[in-house]
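Engineer: Produce the entire structure from the sequences given, and follow the hints as far as they go.
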Amino acid sequence: MTWRWRYENAHGGEVTDRPLPREVFPSQADAESWLGENWRDLLESGVEQVALLDEDRVEYQGLSLRAE
1 MTWRWRYENA HGGEVTDRPL PREVFPSQAD AESWLGENWR DLLESGVEQV
51 ALLDEDRVEY QGLSLRAE
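Position one of the sequence shown corresponds to residue 1 (the UniProt record's numbering), numbered consecutively onward.
Possibly wrong hints are sitting among the right ones.
Label pairs and their computed distance ranges (CB to CB) [what the hints assert, rightly or not]:
no.: 1; residue 1: P26; residue 2: G46; range: 26 to 32 Å
no.: 2; residue 1: A67; residue 2: S33; range: 16 to 22 Å
no.: 3; residue 1: W34; residue 2: N9; range: 17 to 23 Å
no.: 4; residue 1: T2; residue 2: A67; range: 27 to 33 Å
It is worth saying that the hints were derived from the structure and are not from the lab.
The C-beta atom is built at its ideal place from N, Cα and C for all residues, glycine as well.
Structural biologist: Right under this line is the structure:
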């Protein structure tokens, strides 16, 4: 299993037009821990929400990076 984040705009479209981290994680917990440490930088880079993928399967999506 490999876990990764898909970065999305406010409408759920994938953000691909800028350089963003393309980390791959061995576990869901590692991926979630990484996001907890890096969500502010992602938000500043124009990412509004994320989806967590296990290989190509979506574990969950639409997770907002905003505190609202």
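Engineer: Evaluate each hint against the coordinates.
Structural biologist: Now the hints, each set against the structure:
| no. | hint | result |
| --- | --- | --- |
| 1 | P26 to G46: 26 to 32 Å | holds, 28 Å |
| 2 | A67 to S33: 16 to 22 Å | holds, 19 Å |
| 3 | W34 to N9: 17 to 23 Å | holds, 21 Å |
| 4 | T2 to A67: 27 to 33 Å | holds, 29 Å |
The structure is consistent with each of the numbered hints, conforming to all of them.
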